[in-house]
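All chains should be modelled from the sequences, with the hints used to inform the complete structure.
Residues per chain, in single letters:
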Amino acid sequence: MDMKSGYNLTPEDSILQSVTRTGTAFYVFVCALLVLTGEFLYAWYTQLTTGLVVTGMRSIYNAPNYMGPYIAGGAPWGIYITNFIFWIGISHAGIAISASVRLMDLKKYKVVARMAEVLTLVALPMAGLSIVFDQGRPDRIINLLIYGRFQSPMLWDLTAITTYFMGTIVYLYLSLRGDIDELARKLPGREWFYKRLAMNYEGTESEKERHNRTLWWLALAIVPIMVTVHSVVSFVFGLMIARSSWYSTIFAIYFVVGAIVSGVAAVYSLAWIFRWTYKWESLITDEVLKGVSWALRNVLIIYIYLWIAEELTTRYMGASDDLRVSNYLWFGPYAPIFWTMAIVGFGIPAIILLKPIFGKRHFNPRLTFAASIILNVALWVKRFTIVVPSLLNPPLYQTGVYIPTPTEVSIMLGTFWLAALLYVAFVKLFPIIDLDVVKG
Amino acid sequence: MVNKSTAAVLILGFLILLSGLSLWVLGDQTNSVVSLPLASTGILWAPLLWICGIIVLLSAAFANILRAKYYLLWLVSLIVGYIVIFGIIVAITASLIP
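Chains as they are written, first to last, in numbering that gives the first Met the number 0: chain A, 0 to 439; chain B, 0 to 97.
Be aware that a few hints might be false.
To spell it out: a stretch of chain A is covered by chain B in this simulated footprint if at least three of its residues, at any positions, have a beta carbon under 8 Å from a beta carbon of chain B; those stretches are [stated by the list, open to error]:
#	segment
1	123–137
2	146–154
3	159–169
These are calculated hints, taken from the structure and not from any lab test.
Every residue, glycine too, gets a C-beta built ideally from N, C-alpha and C.
Shown next as structure tokens:
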């Protein structure tokens, strides 16, 4: 492929500059992330040593009254489980995009495939950590492996996430192995590391063919796993008859589509950030970004449709516990968040993404990047509006309003800093674009 | 076509997974308060075997690609690494929780 980057490098060197070149901005960015991670660790330490009383999730019955009786609410899953669903969502489309690129032979999008794979690998542990944060006794988490029972959706979750995580590691390694071997030759200073990691890769045609064949089969297995995992996450809610507005047949598909919106938006954001940082306009072309935004637009329309269907079903049937939760959301204390999310979080990105229908010149990569970020923030809030209002409105009474404490917010945000650190570490060690893209 | 080593690992993974499932079904069918594996070893074994089965099944992708020693290294790393993550969380949090 005849392409030059903004730094006038060969295409291959252009891709490898993320590994070989380290500027001041990188160190500043990493230092900022380390400071923020330190703050997160301190917050988690505080929660571990003091207990969940430092969170806003504490029960109304034993809550300290300094915030007023109205504020003390019992939402035992709060923002940690909101965060769990969010990260699971982000992770899902990641490898699924990569698998789809391989299965449907969408060569044009191979340039974003690895970004998506790494996103999955980074996001899944963050989802797992969010569960750990929510536990009053995380030292007992091992009991899930020792005494877990198959009737529990929690064990289904563990199984599904483990399967997805292991599948991702295997898939990523296989797709990366050739590049690792290439790095061993290109970077003599780090040869010992890459050589060992490549595990005797020879790069013969038959070996490459074996890799591709295995990756194809893995890709085929990963797509249904992806659907299963988010369906299982939805069952944690959808099978609970005791909580108003959760017990619903629409939840599985609703969660899966939400995950795809979230993941595709995140992949678009990353692709744009990398293109901007490393001047990869000739690699991540407008055409590629437009294709990803096209996929994002379509899944967003399906998601909004499902959302409307859910709201209509709840509100049309008249007086019910589900309607009470819906009213609480529409007109209650969370109404400002709910309507901002609906109008700004979903409405504006939908308009931005729909605009290119009226002509090619309407596609603006920068504006679409803003839409992808807004969408992911909105999807985080959407998960909050699924988790919290139902917990605050059990069938017999209403418990109050849940407001997360600063400690809780620090811990929740910590997953973002950790994820960014892990992602940056990967980018510094391995090429974030498959070298085969420029080799042809 | 799936080659012999891949097929062998796939079958092994499937058998481990199945034994985990069987232990759970058998343990659940009995009327005793505590299932036999739990009573005799203190561990239910079903979920652990189930998870290990899944890891072995997925690692079958390597069987056709890596040399035997590297393949075993990967397999052991995946299983041990997975359990170690739980161990680290338990160790750190147990030391901090009063």
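Now the hints, each set against the structure:
Residue count for the segment 123–137 of chain A with a Cβ under 8 Å from a Cβ of chain B: 3. That meets the three needed, and the coverage hint holds. Against chain B, the segment 146–154 of chain A contributes 5 residues with a C-beta closer than 8 Å to a partner C-beta. That satisfies the three-residue criterion, and the hint holds. Counting residues of the segment 159–169 of chain A whose C-beta sits closer than 8 Å to any C-beta of chain B gives 6, which meets the bar of three, so the coverage hint holds.
The structure is consistent with each of the numbered hints, conforming to all of them.
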